[in-house]
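J.: Sequence:
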Amino acid sequence: MAVDMKIPPVGESITEVTVGTWYKKEGDSVKMDDVLCGLDSDKATFELTAEADGILHILAQEGDVLPIGASICTIDNGGSTPVTPPAAEPAKAEAPKAETPPPAPAAETPAPAAPAAPATTGSSVVEMKVPAVGESVTEVTIASWSKKDGDQVALDEVLCELESDKATFELPAEAAGTLRIVAQAGETLPIGALIAKIEVGAGATAAPTPASTPAPQPSSNGSAPAPEVAASNGQNGYAAHYPSPAAAKILDEKGVDAQQVQGSGVGGRITKEDAQKASSAPTPVAAPAQPAPQRSDVSAQPTAPKPAAPAPAPVVAGERGQRREKMTSLRRTIARRLVAVKNETAMLTTFNEVDMKAVMDLRNKYKDKFKEKNGVGLGFMSFFTKAVCIALKDFPAVNAQIDGDQMIFNDFCDISIAVSTDRGLVVPVIRNAEKLSFAGVEKEIVRLAGLARDNKLTIDQMTGGTFTITNGGTFGSMLSTPIINAPQSAILGMHNIVERAVVINGEIVVRPIMYLALSYDHRIIDGKESVSFLVRVKQILEDPSRILFDM
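Here our numbering is used: the first residue of the sequence shown is 60, the next is one more, and so on.
The hints are simulated quantities; they were obtained by calculation from the structure and are not laboratory data.
Predicted model only: the values in this text are computed from it and were never measured.
Heads up, a few of these hints could be off.
Here are the computed lysine to aspartate or glutamate pairs in the EDC-like style, where the Cα-Cα straight-line distance is at most 16 Å [to be verified]:
hint	residue 1	residue 2
1	K494	D513
2	K84	D112
3	K83	D135
4	K65	E110
5	K65	E312
6	K336	E312
7	K452	E493
Using the sequences and the hints given, assemble the complete structure.
T.: Laid out in structure tokens, this is it:
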């Protein structure tokens, strides 16, 4: 008996995961609680463990995006192959039995032969349409087909994957029979659009071979139309001059008749690419304007060379490689949230500069003893974290957030620290940073950064921050406008430290200067508060002794 392994719920806001690395291979013998693979969500990485002992059969490959509850693999605890394939074999075995008895009575033979001819016309066809997958989902994209055109499919067998802007879904077969694909992978279809057909019955199994291979030609020795269908294959097939929904929209916009477009899809179907190329088809038709001047060669000869000038395309020397990669769940979430912040907040950025000499002198003086005593280095981030916590107490609006028509003010400082990883930018949170010492802040930063780079951060460790600090200076950035980490209302950007000539007490001196940037939501933070907050941070950093007295 096969145990169906499904994607488990991994968090309230997580609706899909990406299959990471498989630690076991197809056909491997696994034991209960063995780690099978890693699952990546837009917030954290999880491990999938075996629910039984047996033989592993993998259903989803590395990189596939699956919704919560989708089947990812099966474990055959009896050591035999899954039950589904044998179910299909008897179906094939019964079909010949149904055909064998009729040949005896010669008069009854035409009755079975009649369904064989209509197989190309689809006497018994089940239309597969895009199902409703959610209230706000109006269209889906075909990610990939698990079956090919003409394949035999069983009831409830997965045919393809459909991707929406929220999750990925599987399309199961609504009947057993021969699959006829209408829409290709990559096409975007509205809900309710025709995606495939299933020809039901024994006659349907005989139909695909004439359309795909020349072998059926002897079997159609009694009727002439069958060879014609086989000869025309993709051009005059059952879907010839029939556009996909995406292609139909493009053709309508261009005013091109579908009957004039030759389809390259299955059965001659017009694909999205065919529709896009149709725009170039009318252009050559307009080229016959050249013969028109030939009628009046005497007067139109000077205009003839003009259309010929733009004809040659520019030739680019050298190799021009190009590759495509599918966005990870984390990258898609980052992109979606950044665009949402830009569209839903009144974001503004104010700048200031801070003289880092006092902090650098203090750090250089005590960093060795600090590391010897606490086991961690003394970095700039602890100075900035403590300075921010003091300033947030003086300007509580910067530490607040908007919830509907209400403002939520926090009397604690949960500081989010932006950390760059191979998978993208993550923002773990230092809880109650205002109560931590310099050593406590540094230890927490080291711990969270290590978890982030090992992809072991939990959802709780990345949610609930009240203010964010990001340090682009580690990569050499001199100035930037950081984007708010919603639902927070402000973010502080640190930058590179550069020695500059400045005037102090009427004298020109060289000082290590850093530019600071504060991006804030102008809906809740006024300009006066934002500038005053940044000036407060500047004052504390230029005189670190203020931290001791909370001034």
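J.: Look at each hint and say if it fits the structure.
T.: These are the hints, each one checked on the structure:
no.: 1; hint: K494 <-> D513; result: violated, 27 Å
no.: 2; hint: K84 <-> D112; result: holds, 15 Å
no.: 3; hint: K83 <-> D135; result: holds, 14 Å
no.: 4; hint: K65 <-> E110; result: holds, 10 Å
no.: 5; hint: K65 <-> E312; result: violated, 43 Å
no.: 6; hint: K336 <-> E312; result: holds, 13 Å
no.: 7; hint: K452 <-> E493; result: holds, 9 Å
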